[in-house]
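Peer 1: Residue-level listing of the chains:
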Amino acid sequence: MMSRRAQEYLVAAIIFFLFVSVLYMSLGYGPRARLVPVPIAVLGIILIAGQVIWQNLRSGDDLQIDTLDLFTGGKRSHAPDGDGKAPVAVDPADDQSAGREDGWRRWLSSEIAPFALVGLVLVLFFVFGPLLAVLMFTAGYFVLSGQCTLPRGLIYAAVCSGVFYLLFGVVLEVDLNRGLVMPFINQFVRF
Amino acid sequence: MDMFDAMVVGFVALLTPQALLFITIGVVYGLVIGILPGLGGIVAMTLLLPFAVGFEPAAFLGMLLGAHIGTIWGSSVTSILFNVPGAAKSLPLIFDGYPMTLRGEAERALGASAMAALLGGVIGAVFLALCIPIVRPLILLLGPSELLIMALWGMTVIATFSEGSVLKGLTAACAGVLVAFIGMDPVTATPRFTFDTLYLLDGVSFPIAMIGIFAVAEMMKLYVKGDSIVSRDVIKNVSSVWDGVRDNFDHIWLVVRASLIGLWIGVLPGIGASTGSIAAYAHAVQTSKTPETFGTGNVEGVIAPDATLGANEGGGLLPTLAFGIPGGDTMALLLIAFYNMGISPGPQMLTENLDMVFTLIWIVVLASMMVAVIGLAVSPLLARMPNLPANFMIPIVLSICFIGAFTVRGRIADVIVAGLFGGIGYLMEKYHYSRSNFVIGMVLAVMIERNLHISLTLYGEFFLFTRPATLTLFLLLVMTTVWPFVRSRRRRATKQLEIDEGGSR
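In order, the protein sequence lines correspond to chains U and H.
Sequential numbering from 1 applies to the first sequence in the numbering used here.
Sequential numbering from 192 applies to the second sequence in the numbering used here.
It is worth saying that the hints were derived from the structure and are not from the lab.
Don't take every hint at face value.
[Unchecked claim] Listed next, the in silico SDA-like pairs over lysine to any residue satisfying Cα-Cα at most 25 Å (straight line):
1) H:Lys416 <-> H:Asn582
2) H:Lys416 <-> U:Val38
3) H:Lys412 <-> U:Val11
4) H:Lys412 <-> U:Leu35
5) H:Lys412 <-> U:Ala13
6) H:Lys412 <-> H:Ile603
7) H:Lys416 <-> U:Leu172
8) H:Lys412 <-> U:Leu122
9) H:Lys416 <-> U:Gly119
10) H:Lys416 <-> U:Ala113
11) H:Lys416 <-> U:Ser145
12) H:Lys412 <-> U:Val123
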């Protein structure tokens, strides 16, 4: 696993690459079309480069200039990580209380699992459409997370889906009957 | 018709069962929509437009404005309880509202929010009525170049409140601006960053990006955290809504000042409530007796932005009605509703149809009162929501998010985009690139580009130097951006000097 500093550099490099890509693409547009994107991309490149340079110059120290300190004369309280802002989410990768798993498992659970969860929901939406996806996802999550038994999970999921159907399908008149397999299901239901 | 007669006639027009019923329906509808991520005021009002034909104007306008005001407080609720702003204008409520929830003071925060919004709405309406004769010449002085600089200033000011470093905050803002440029350029009709896909030609929808970058990302974070938003074992509810109500009267002058900020920001067309709520928050810090407590759950940090948001609606009515210039996107919808009803906004609204103007002002007051009453009644129930276990919250909220994303344009691709922004938001949160700045950059991007093009066309390339007001605002922008660095450098030098002196003794 990478150290926090290495991760920060990687993220900065990706952002730098994105700004450079935007700059490259913008140069292909007409003068009026690129009038704002080009300076913004250049500014972004300067800012991210400055952030990386500053991090290098000030080892172990993020750039923490806080204008709220300007207003408070430096009296504003500072959280343990020194930024003095509203509580920042604990980095799951750094949180020692996140679990007693070894490094690889902790990395999997903290990094890959949330993306996998969102990916699963998206696949369900694409294949089965909004309503069926909600029913399957909520029922599956309630049951597999141990929140409730299968019958109760199905009931809760059906109630949730029913409420969503009323709110979005009936009141807002959104067509929830979409998805890759819905035409086949509709034929089956009609038959 | 003189002002007093117009006030009375405008109020009487609302004293019909249909008008009062419609305002109530609008408020409840708006509250529900406001709490749902992504379905903000603009969506709520859009869905009501078809009802413009067939109902009396006062009743329909009551429902329309009532829904809009309901969504404002609804978006404040999600900011306070879940650290997820329902709209960009509710962003500052995250700074102190959410820490109050974490401390077990969710009811107090919600009570303070509801009462501040009510007082802001009433104060804003009163001052608006008094200011109508004065405001008009001032509004006409502002040109596109001044609006451009104010939009840029809004971005840099917001960057200074970002979590993490200012450089990261500004980087996030730049990224947000560039994302907003995806799609067809409105000035030259050039497809930008579309990769020849039809979907991206329409650009990235703002509500979808918001759903992903805040709501989906929060659920991803909660999934990893594996607990409730507020740990049940540690935090008990230690407050009531009436504590929050009392807080407003303990800080009544802050409420008044924040309301005036909201009113004037609302009056200036195109600025948007986001800038106003941030400005109000900064003002609260500046004038507080305990500035060091901001960011940790200071109720003043909730009162000021909400009072501003309450007053902003009244202010936004003035340029909309008097000049046909919408004060924001929701006011643009109001304009459409007017045209549908055969009413033409313009200077004559302040002379021949002044009673209609006061009808709208009274609607803002009544709707604000209803929102406060309903809000205070349901706040104890809403305050329990963060204590729900994660395994209960995650599937429901994620489902609402993705269905909400689908609802915006009826496309499955929007759901995928919401998921993508969810991943981006999760990573931004992890590495301290401010999501708030990103979203504000998206919001202000169109205003920046449009006003820049207009300024160059009207005033030439050197408009910055040929227009004194523009130059003044620009210098103010540079000062407020550079000053934090200068001050920090001075503070470090002072500390180093103290250390050196202490060591030499």
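Peer 1: List, from low to high, the hint numbers that the structure doesn't satisfy.
Peer 2: Numbers 2, 4 and 7, in rising order.
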